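Enquirer: Next come the chains, spelled out residue by residue.
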Amino acid sequence: MTALRRHWLETVAAVAVALSLFRSMTVAADVTQGDVQRIMYVHVPSAWLAFLAFAVTVVGSVGWLRTRDRRWDRLAASSAEIGVVFTGLAILAGMIWARPVWGQFWTWEPRLVTTALLFFIYLGYLALRRAVIDPEQRARRSAIMGIVAFIQIPIVYESVNWWRSLHQTSSRNSIDTPLRVTLLLGVVAFTFVYAALLQRRLELARLEEELEIRHLDSSPEVAGAGITAPALSTGEPR
Amino acid sequence: MNAASPLALLDDAGLRIGNTVIIRRAKLALTAGEKVGLLGPNGSGKTTVLRMLATLLPPTDGSGTVMGARLGTDAVYTVRSRIVMVGHLPALYPELTLAENTRFVARLSGRAPAVADEALTMVGLAGASQRRAAQSSKGMLRRAELARALILEPDLLLLDEAHAGLDAEAIGLVDALANRVVARGGAAVLVSHEPDRLVVDRSVRVVDGVLEAA
Amino acid sequence: MSFWRQVFEITRKDLLVESRTAEVVTMTAPFGAAALILIPLAIGTDAPLLSDLGPGLYWIVVLLFGMLVILRKSAVDGQPQRDLVRLLGIDPAARFAGAAIATSALIFTFELVLIPVLIVLYNPDFGSWPWLMLILPLVAIGMGLLGTIAGGVTTGLGTRVSLTPLLVVPLSLPLLLGATQALESLRLGRSILPWLVLLMAVDLALAVTGVLAARPLEEAVT
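Residue numbers (numbering that gives the first Met the number 0), protein chains in the order written: chain R, 0 to 237; chain B, 0 to 213; chain U, 0 to 221.
Read the hints as simulated data drawn from the structure, not as lab findings.
As the structure is a computational prediction, the values presented were derived from the model and not from experiment.
In this text, a Cβ means the ideal position worked out from N, Cα and C, and glycines have one as well.
One thing to keep in mind: the hints can contain errors.
[What the hints assert, rightly or not] Which chain U residues face chain B? A few, computed with CB under 7 Å, are given here:
no., residue
1, L14
2, V16
3, G88
4, R189
5, L192
[Stated by the list, open to error] Here are some of the chain R residues that sit facing chain U, going by a computed Cβ distance under 8 Å:
no., residue
6, F104
7, W107
8, L122
9, V131
10, P134
11, V147
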């Protein structure tokens, strides 16, 4: 019983995904697009998660800047790692969907472009984190960059939207109600998956830090301790 | 300045960067009017202690105050302009001349550029002031940096590798500068690898990341 | 010492240092011009095509090569110099503003130098000239602000030359769209206003963010 309790989030996520998958496969196919449209039930929730994960990263960033508590930084970093995967998934699913339907891998519509840009923002954020050794500096620099990027995202989306409205004539398919329910189910399922992954990743990060602290306490080697008197000298004291 | 309260105080201050301990424990009380020598082997953390005293590095453990401002708080912003630190790498822009570099410092501290020129003369660089920093010798760069101490008239003078690259004349310059600061009621900390050249009131050693004031 | 006086001195110093190497004018701008010459050789020298694509290609060059201006040597401060400015009691926001203004001025210069190249090689239809003098600085300011923020975040990192472009370029999309669509609107006789508003909104958002982030960032880069 306790095992189930510990893993309740993962269990719920698994169940939700199963339900969502079942529903996605059995619901009526789209009239115009056919079965390939079902990939939307992966694409849209993934995209939703991509943005949710980044929002959580920004929340972590703000939280860290205000409290300097490492837990907020762990939240930001963990969410970004999960987010980048879902962003990639969203783009991939979008490409698989677009090709048979519109004849090309890429459609230049605002949501897809913004999602692609978010992918690069993630890559930059994670690359920045990897490049900084000192945890305090890493937390602060990435927090600032995360917030700067977050502020720009709505502007990016709107600007692509304006641009698109001037240039494109094709419009997205409107979504019928039964399909909308399935979509919602997918979003909920994916959110549970995200939460479960986040919980695990946070736990892992906490354990990693604990290990480092213990290692630090047991071997309090000072940085300069490795330097000893040279073996080679004139032997004359100064 | 109250003789009882220290100009700078490090109270079991420590510094960790990630998992690396640089300073384990530093205890130091710097009173107005004294010159202190900071000694220790390579890599012992002398520069780090100096930067902590300069308020540039807040301690990760313990605490400290410099001129009444607690390290790691915003209060340090009010005292920074009273500190001059001359590090072991020159804080000069290589493409600018010694004169331009020094005038930059004067301007940014709200003083007339002529003050900079005068300071350069006093350190013996009047004839070389038009040389670009990139083309100047280490000794010249050090003197130009010491000119900064003349311009800014600090209450706390921190000199890293105080005698590095300086000839006998210039070393006299270091001592004269330290004396000026101290005479005004300030304090000076000089890091050096040559303890016999140091003219200080007392010396403290950093050993194995620990600084216990003498 | 007043805030704006500090900003002025920092800008002045940055531009003075840059003037010694003249990196932007003598190296980066010719590089950009070379790129503009290479492009038609790759995509075709058909005059109407080039006239159509010209402005877009120009802005891409400004955006991407602007990174070299942001990463120029004279913008890199070593730790001793950073320590110096901190100890002089300079407001971090003033340091940010000073650096951003200097970078923006240099990007603007870069843009100006490339305009004649654009005209000669691509013969674009600008519609209305004077507006260009408003669009160019708005883009330059945006790039300067974004570049200074990203530069501040990557200070002292070994991989900053690769990392900074990755951070800047995706976020500069609104600047690209604003600039290209503004010119397009002029050409087609449509209202340029929405695009100018977009550029100004981006610049304002970046300026506010940069100023607010300046102090935490300075303390982060020890």
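Enquirer: Would the hint on G88 (chain U) be counted as holding, given a Cβ-Cβ threshold of 7 Å to chain B?
Expert: Holds. Min distance 4 Å.
Enquirer: So, as I understand it, the hint says F104 (chain R) touches chain U; can you test that by seeing if any CB pair is closer than 8 Å?
Expert: Violated: closest Cβ of chain U sits about 20 Å from F104 (chain R), beyond 8 Å.
Enquirer: With 8 Å as the cut and Cβ atoms as the points, is W107 (chain R) at the interface with chain U?
Expert: 12 Å, violated
Enquirer: Would the hint on L192 (chain U) be counted as holding, given a Cβ-Cβ threshold of 7 Å to chain B?
Expert: Hint violated; L192 (chain U) Cβ to chain B Cβ min 41 Å, cut 7 Å.
Enquirer: Closer than 7 Å between Cβ atoms is the bar; does V16 (chain U) clear it against chain B? Give me holds or violated.
Expert: 5 Å, holds
Enquirer: So, V131 (chain R) near chain U? Judge it on the closest CB pair being under 8 Å.
Expert: 7 Å, holds
Enquirer: Less than 8 Å between beta-carbons is the criterion; does P134 (chain R) satisfy it with respect to chain U?
Expert: 11 Å, violated
Enquirer: So, V147 (chain R) near chain U? Judge it on the closest CB pair being under 8 Å.
Expert: Check passed: Cβ of V147 (chain R) comes within 5 Å of chain U, closer than 8 Å.
Enquirer: Under the criterion of a CB-CB separation shorter than 7 Å, is R189 (chain U) in contact with chain B as hinted?
Expert: Constraint on R189 (chain U) not satisfied, violated at 46 Å.
Enquirer: For the restraint on L14 (chain U), tell me whether the closest CB of chain B is nearer than 7 Å.
Expert: 12 Å, violated
Enquirer: Against chain U, run the beta carbon of L122 (chain R) and see if the smallest gap drops under 8 Å.
Expert: At about 7 Å, which falls below the 8 Å cut-off, the nearest Cβ of chain U leaves the hint on L122 (chain R) intact, so it holds.
Checked against the numbered hints given earlier, the structure breaks hints 1, 4, 5, 6, 7 and 10 and satisfies all the rest.
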